[in-house]
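Peer 1: Whenever a hint applies, use it, and build me the whole structure from the sequences.
If you read the protein sequences in the order shown, they are chains A and B. Number 346 marks the last residue of the first sequence (this note's numbering); no jumps. Number 454 marks the last residue of the second sequence (this note's numbering); no jumps.
Keep in mind that the hints are not guaranteed to be accurate.
Pulled from the structure, derived: some chain A residues nowhere near chain B, Cβ distances all over 10 angstroms [claimed, not checked]:
no. : residue
1   : P80
2   : I98
3   : S107
4   : V178
5   : H190
6   : D200
7   : E206
8   : P213
9   : R214
10  : L237
11  : H320
12  : A336
Taking beta-carbon pairs under 8 angstroms as the criterion, some of the chain B residues facing chain A (in silico) [said to hold, decoys possible]:
no. : residue
13  : P43
14  : A103
15  : V124
16  : Q126
17  : H128
18  : M142
19  : Q150
20  : D208
Beta-carbon label-pair distances, calculated as ranges [stated by the list, open to error]:
no. : chain 1 : residue 1 : chain 2 : residue 2 : range
21  : B       : K378      : A       : F150      : 30 to 38 angstroms
22  : A       : Y110      : B       : G436      : 53 to 61 angstroms
23  : B       : P172      : A       : I305      : 43 to 51 angstroms
24  : A       : R214      : B       : G281      : 51 to 59 angstroms
If you are wondering where the hints come from, they were derived from the structure by calculation, not from laboratory data. Even for Gly, the Cβ is constructed at its ideal location relative to N, Cα and C.
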Amino acid sequence: MTWLRSVVAQERTSSRLVGVLAITVVTLAITFVLPPVADSQLAGGAAISIVILGLSWLVGWSGQISLGNSGFMAVGAYATGIWAAHHGSTPLIVTFFLATLIGAMSGLIIAIPSTRLSGPYLAGMTLAFSAAISPIAQNYTSVTGGEGGLFFNTLTTPHWFLGFFSGQNATINANAQWTADLAVAVAGVAFFFMANLFHSHTGRAMRLVRDNDVAAELVGINLPRTRTIAFVVSAAFAGLGGSVYVLLNATVNPSAFPLTLSITLLTLMVLGGIGTLSGAVIGGIIYAFSTNLISHLNSLTGINPTSNLGANMQGIIFGVLLILTMLFAPHGIAGLGRRIRFFVKSARRVAPVSTGE
Amino acid sequence: MKIGKRNRRVAALLCSSTLALATASTGLIGANAGASTSTPGVTATSITIGASVPLSGIAASYASVSAAANAVFKYVNKLGGVNGRKIKYIRLDDCYGLAAYGLGCTAGASTTPLSNNQQLVAQDHVFATVGSLGTAAEMSVMGYLRQNGVPQLFVSSGSIEWNQPSSFPELFGYQTSYVAEGKIFAKYIKANYPNDTIGFIGQNDDVGATGLQGLEDGGVTIPSADNLTYNAADAISGSTSDITADVSTLAQNKVPVVVLYSVPGFTYGILATAHALGYSPQWIITSIGSDPLSVNTPLEAGAVTTSYFPSTTDNADPWVPWVRKVLEEDPADFPKFNASTVMSFNELYGAGQALAFVETLRAEGKNVTRGGFVKALTSTTLDTPAITPLRYTNGNHQGMQGGAIATVNSNGSLAPNSVTVTKTVFTTTPFAGSPLNSSNWTIAPIPSWLK
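Peer 2: Structure, rendered in structure tokens:
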């Protein structure tokens, strides 16, 4: 079982590759079983999980806080939309790469002044950025399409993939699943990169900066540089997530990236677990199926969905979940698993001693 | 090295199990779908259609449009359906495409017009979407519906995007375009306010842009200082700075006539802001933003708009009492609707969409296909409450082509509840530079099978 421990502990690049690959493959397999609507929801969750992962890295590993990630997401999304409007035939991988790059560049621009700030001041600065993105998009109508935004076709399913399907709704089912599989695959690549980053020299330096910046400086870590890298990486992930999100929705408009999305991202990150890969996955899943959860709760409790209470169900659910998480699982749902494992282990360790006496 | 080999073995195992799973589940899908090879959504006794519409949020006042359509479908079902088929109408809330804000939206944050349409197409297997609402919302699903061969019928929006028969053969608009309406406004302005400065406040999207295009096409120039736009998304997130700034600019410039291209929620906001500034110009409001029951303020009295329906209080028109009867028979969608309830423009609008659907379906005959429906739609005479004919041809999918000038009646200190519609209908084609023609109202007869 040594190899399994190595995969779980992510000691080597190869074991990280296997770990991420296993989760990706399992998720891809799940898309074959899920109905097409759930597939589409899962695709949205995969896109959001990339953004959450980027945020998780920034908050959990470098100790900086950002309310600007919906803005970085919008940058990646618009980069994709504007590029796709003129170069529709570009391979997707190039589009994703461009969106990531432009997201990273916007992160760099924000990072340079931000590295001098910390705590609430930094949050305020990033908040201003995400608040500014929508008006910019709304006003440069000739490039961004104004408030209506830009529109393009949904992704086309390749022929070899269509071959897996038959029957009356073959194309529809194949389309839904192809987009889901694509989003999951992109998320898999992003998660692999992050898994390596967590265990890299930069990752370790980042943690030291977070825990004790004086000690970090003493051992020769360049503080502003490390903090800037944290920001740039986070923005790059948000840009990639925004790009995937846009391709799934076939449209990009300012109303898709409101300030409240940044808050939602932070909430999802905390619910899932800060600074972990599994936390980002859990956050993405909660996002993807929140609509089902709300309608299920509404029908369970008999609340009229169009009443004031029903219409604000989302805020209530997220709020209650957040409070419960903070009280009982400060490391998020992902941390809960670790906590339970720890308790079970310590209980086992205690048990033989007591019977031995 | 030892670990590396094992990893490869694990990877191989996972890959092969996925492949096994893939083949297994595709077999399942094939078996499921093999049961029927007919048109999606159509069985011998039913036909399923759907719509993505705002039922909550800023544009929730439009909810009664699809509710009225649903009432008509229920009425038709009570009469035995169309050619023996009962109509099932699935309405999903998209919060006008703004669910990401989460403010007052019943739909979850991840709900978009596209996700709703995916549900309608992939899960509910609808025959077509009927009366989905919103310019930006419906533009975001045009590609998806075309890709899957699903007709997108009677889109509730005055955009000219719906009229592209060569690239979107199964896409059909419904109401008079904002361009045509802008031209009608231009004619009215030139006749009544030839020497006045005209101001404009439009939603910063296709609604505002095409409305302005129509005004300019009709020969009305708006000085750039008085040509203003607001962002619906900003205002929804709690900041009304856009609207306040726009209205104060016009108030400072003392602009005597202002054209609004806004949804009812924002029409109210603009009128209230102007009132607070002591500014009361002649308001000219697009038909989609002027329904007095939706705007719901006494400040709207005297405003000019266009209408392609008779006044909802005009009981001499045969359709008004008919629609009232249909709504009264549907207490699920219209609770408390009784003889003294005042009807809004929305109900006539939605009833017209449902009527157009059932009449085409009836004309198509017993054998229903999507292609056959589209063919029938471009060759059937559609009888609806509209005062201007609803007609589709192979080369024109816009829908209605005209409207009449209407004035919002005063109701004393209460919010107005009716409009006076003038008897002259102006029609035009959606093509640039085409002239306005005037004619009298067309009152379509109520088909005998619906009486």
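Peer 1: Next, verify each hint and record whether it holds.
Peer 2: Cross-check of the supplied hints:
no.: 1; hint: P80; result: holds (19 angstroms)
no.: 2; hint: I98; result: holds (23 angstroms)
no.: 3; hint: S107; result: holds (27 angstroms)
no.: 4; hint: V178; result: holds (16 angstroms)
no.: 5; hint: H190; result: holds (22 angstroms)
no.: 6; hint: D200; result: holds (31 angstroms)
no.: 7; hint: E206; result: holds (37 angstroms)
no.: 8; hint: P213; result: holds (33 angstroms)
no.: 9; hint: R214; result: holds (34 angstroms)
no.: 10; hint: L237; result: violated (8 angstroms)
no.: 11; hint: H320; result: holds (24 angstroms)
no.: 12; hint: A336; result: holds (30 angstroms)
no.: 13; hint: P43; result: holds (7 angstroms)
no.: 14; hint: A103; result: holds (6 angstroms)
no.: 15; hint: V124; result: holds (6 angstroms)
no.: 16; hint: Q126; result: holds (5 angstroms)
no.: 17; hint: H128; result: holds (7 angstroms)
no.: 18; hint: M142; result: holds (5 angstroms)
no.: 19; hint: Q150; result: holds (6 angstroms)
no.: 20; hint: D208; result: holds (4 angstroms)
no.: 21; hint: B:K378 x A:F150: 30 to 38 angstroms; result: holds (33 angstroms)
no.: 22; hint: A:Y110 x B:G436: 53 to 61 angstroms; result: holds (57 angstroms)
no.: 23; hint: B:P172 x A:I305: 43 to 51 angstroms; result: holds (45 angstroms)
no.: 24; hint: A:R214 x B:G281: 51 to 59 angstroms; result: holds (58 angstroms)
The structure is inconsistent with hint 10 alone, although it conforms to all the rest.
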